[in-house]
Amino acid sequence: MKFKSQKVAYYFFALSMLLFTLQIVYGFIMGFAHMGFDGLHDLVPFNAATATHKNLLVVWLLSGFMGAAYYIIPDESDTELFSVPLALVQFYSFAIVGVVAVIGFHIGWFEGRKFLEIPRPLDYLVAINVIVFLINIVLTIFKGKKHSTTSWVLTAGLIFVALLYLPGMVWFDNHTVDSFFRWWVVHLWVEGVWELVMGGILAYLLIKLTGVDREVIEKWLYVIIGLTFLSGILGTGHHYYFIGVPKYWLIIGGIFSALEPLAFLAMTLFAIKMYNKGNKKHPNKLALYWTLSTAIVAFLGAGLLGLAHTLPGVNLYTHGTLVTAMHGHLAFWGAYASIVLAIISYAMPLMTGRKIFDNNIGHLAFWLSNIGMIAMTAAFAAAGIAQVYLERITGLDFMVSQIEIQPHFFVLILAATLFSTGVALYIVNFIKFGLPNDEALTDGEEFKALQTN
Amino acid sequence: MLSKKQAKLFFLGGTFFFLIIFFGLTIDTLVNGVPQYTNDDKITEDVILGRHLWDSNNCMGCHTIMGEGAYYAPELTKVYERRGPDYIKATFNFPGGWRPHNRRMVEYNFTDQEKEGLVAFLQWIGETDLNGFPPKPKYKN
Ligand code: HEM
Ligand code: HEM
Ligand SMILES: [Fe+2]
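For the record, the sequence lines run as chains C and G. The numbering used here puts the first residue of the first sequence at 5, with every later residue one more than the last. The numbering used here puts the first residue of the second sequence at 555, with every later residue one more than the last.
With the rest of the complex left out, here is chain C (with noise of 0.2 Å):
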């Protein structure tokens, strides 16, 4: 770590270990659900677990990426962070308001709208929120004497991310242009401007982590986002297909949204590559870890299975099944998950001088958790397909192929079980971290010495 203002990241890591436990206890209580144990329902019923879950889901990713920008920017731009009390104060009125959401959603007080759960009222304070964020952000690469490629990205990224936000709390009487302009926020941040950010981040570990030179990363850089835009934005289509507008969106959603997998392979062959060509010295292993497998999950569950479903006339018999929800678990687990986990792998040590690079819990975090959450894919796949054939081929009522398709929800909570284990570890080590102190302060780059540039 070179500046002190950096640490206040790990107010932001922190919330995002918390948010991301709760997140998976109330996976649980949906999971039990589906296999037909709901006796929480007067307590949490399944539309507040699944608001909560969905939420949570997006808050902690949220306060992982905002922790990712307090840490890497001031690195990057080569000062101290424009406010330190700023920061905090947009911390703690961020962790607010994502706790009065949750609490409102157990009394009943949605907006309803998937993804974007949250009340029209905390809309206002989160986008004040994430302006506050923003301004401190931008003030320090002005304040910099450096401007790189990558916290560009990640800046960009991040605005965008903002001004994508703005869509979603607009009143529409027509369901359908609620709904399309729905997608404006959820598709475009997943498969568009989320994407700026984890390319910001991936580009500022590989930088780090293998040595390769920067402008060699950033070119790279370029073309990935480049690909993520040129498909992502008409790929918006597929969701489209049948919500009440044109038949053209089904030709151009199914042609774009085909062409999306693209950015991600890009990812992991570049991660790959990066990784081949630089020096493999780097301690941290763990980091190392972390960063090749957001590159490769995220290419296997978003790319390869959004591929699976996304052309409209397999979409058309997947649409609001399971097989979605399949898709989003490891979507979100390999891209943004991960990748959140990769930065905190990564600056962890460097924040708090403690050197947990390579120890036996982490390795075990990692595997559980990878191998956790592709069991659980599978266990939704099975559930998703049996659902698909029982209920849109045969013709079988809703009610009584989701009792055919139960025991899916068993192996779903048992493959959920070894996923927790491996969280739990993974938080277990970032507790060991301790707090982040003043003694870790370098000069900079720490591992200058194995860089090759």
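If you are wondering where the hints come from, they were derived from the structure by calculation, not from laboratory data. Nothing here was measured: the structure is a model prediction, and the numbers come from that model. Every residue, glycine too, gets a C-beta built ideally from N, C-alpha and C. Some hints could be false.
What the hints assert, rightly or not - Okay, the calculated bits of chain C under chain G, using three or more residues with CB under 8 Å as the criterion:
| id | region |
| --- | --- |
| 1 | 33-44 |
| 2 | 229-235 |
| 3 | 248-254 |
To be verified - Listed next, the in silico DSSO-like pairs over lysine-lysine satisfying Cα-Cα at most 27 Å (straight line):
| id | chain 1 | residue 1 | chain 2 | residue 2 |
| --- | --- | --- | --- | --- |
| 4 | C | LYS147 | G | LYS558 |
| 5 | C | LYS277 | G | LYS558 |
| 6 | C | LYS118 | G | LYS632 |
| 7 | C | LYS147 | G | LYS559 |
Claimed, not checked - A short list of chain G residues far from chain C (calculated; beta carbon distances all over 12 Å):
| id | residue |
| --- | --- |
| 8 | GLU635 |
| 9 | PRO639 |
| 10 | ASP640 |
| 11 | ILE642 |
| 12 | ASN647 |
| 13 | THR665 |
Go by the hints and put chain G with the ligands onto chain C.
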């Protein structure tokens, strides 16, 4: 080989180009598509009330509509056609919560007017042209 500058141009140019197309299609969809596909002129006060209730109770947190939502409870786009208004209304305020095949719905406390609104909303949605969704089962007798 590609230079960094060319890569940047590829990114900026591509993004700009596809954004313009996307905005163009959006305008066409809103101006020409939505009225043609959705009965935009039949959105009554009841339908709007129904949609407010749909949102504020997070019905999408269990059900799907137009295939969007959660996968715990049935797809409701065609529920008006499938079950009719009386059945739909009976589910809302059912004492202890509606409980088909042991899967539980929240017990609501809607007024008659609110029930009318929800039914009107579901009826309106059912008349939207969804390009063939939900698909007709192959083997249903
Ligand atoms: C990291 C990137 C991605 C994430 C996090 C992600 C996540 C999700 C989630 C959560 C949904 C469910 C949305 C909802 O119903 O509200 C979804 C739907 C979908 N995704 Fe992705 N996705 C990603 C990338 C992709 C890619 C690259 C493709 C295509 C190749 C794709 C294809 C689809 C399709 C077709 C659906 C619609 C399913 C349906 O409702 O019929 N996704 N995605
Ligand atoms: C113990 C772990 C977990 C369990 C048991 C679990 C279970 C579930 C269940 C049962 C659903 C609801 C499906 C429905 O609508 O009926 C769900 C939704 C969802 N979960 Fe999880 N989950 C877990 C962890 C995660 C993690 C780690 C992520 C992200 C990385 C995640 C992301 C999502 C998403 C995006 C949805 C919405 C999917 C959709 O509607 O298509 N979950 N989860
Ligand atoms: Fe999408």
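Right, here's what the structure says about each hint:
With a cut-off of 8 Å between beta carbons, the region 33-44 of chain C has 5 residues touching chain G; three or more are needed, and the interface restraint holds. Judged by the Cβ-Cβ criterion of 8 Å, the region 229-235 of chain C is covered by chain G as claimed, because 4 of its residues qualify and three suffice. Look at the region 248-254 of chain C against chain G: 7 of its residues bring a Cβ nearer than 8 Å to a Cβ of that chain, three or more, so the hint holds. Pair hint C/LYS147 plus G/LYS558 holds up; C-alpha atoms about 25 Å apart against a cutoff of 27 Å.
For the suggested pair C/LYS277 and G/LYS558, the alpha carbons sit about 17 Å apart, so the restraint of at most 27 Å is met. Our distance criterion of 27 Å between C-alpha atoms is met by C/LYS118 and G/LYS632, whose separation comes to about 20 Å. Between C/LYS147 and G/LYS559 the CA atoms are separated by roughly 25 Å; this keeps the pair inside 27 Å, and the hint holds. Under the 12 Å C-beta cut-off, the non-interface status given to G/GLU635 relative to chain C holds; the minimum distance is some 15 Å.
Residue-level check passed: G/PRO639 sits 19 Å from the nearest beta carbon of chain C, beyond 12 Å. Non-interface status of G/ASP640 relative to chain C is upheld: no Cβ of that chain comes within 12 Å, the nearest being about 19 Å off. Every CB of chain C is more than 12 Å from the CB of G/ILE642 (nearest about 15 Å), matching its label as outside the interface. At the 12 Å boundary, the C-beta of G/ASN647 stays outside the reach of chain C, the nearest C-beta of that chain being 15 Å off.
Non-interface call for G/THR665 relative to chain C: holds, since the shortest CB-CB distance, roughly 17 Å, exceeds 12 Å.
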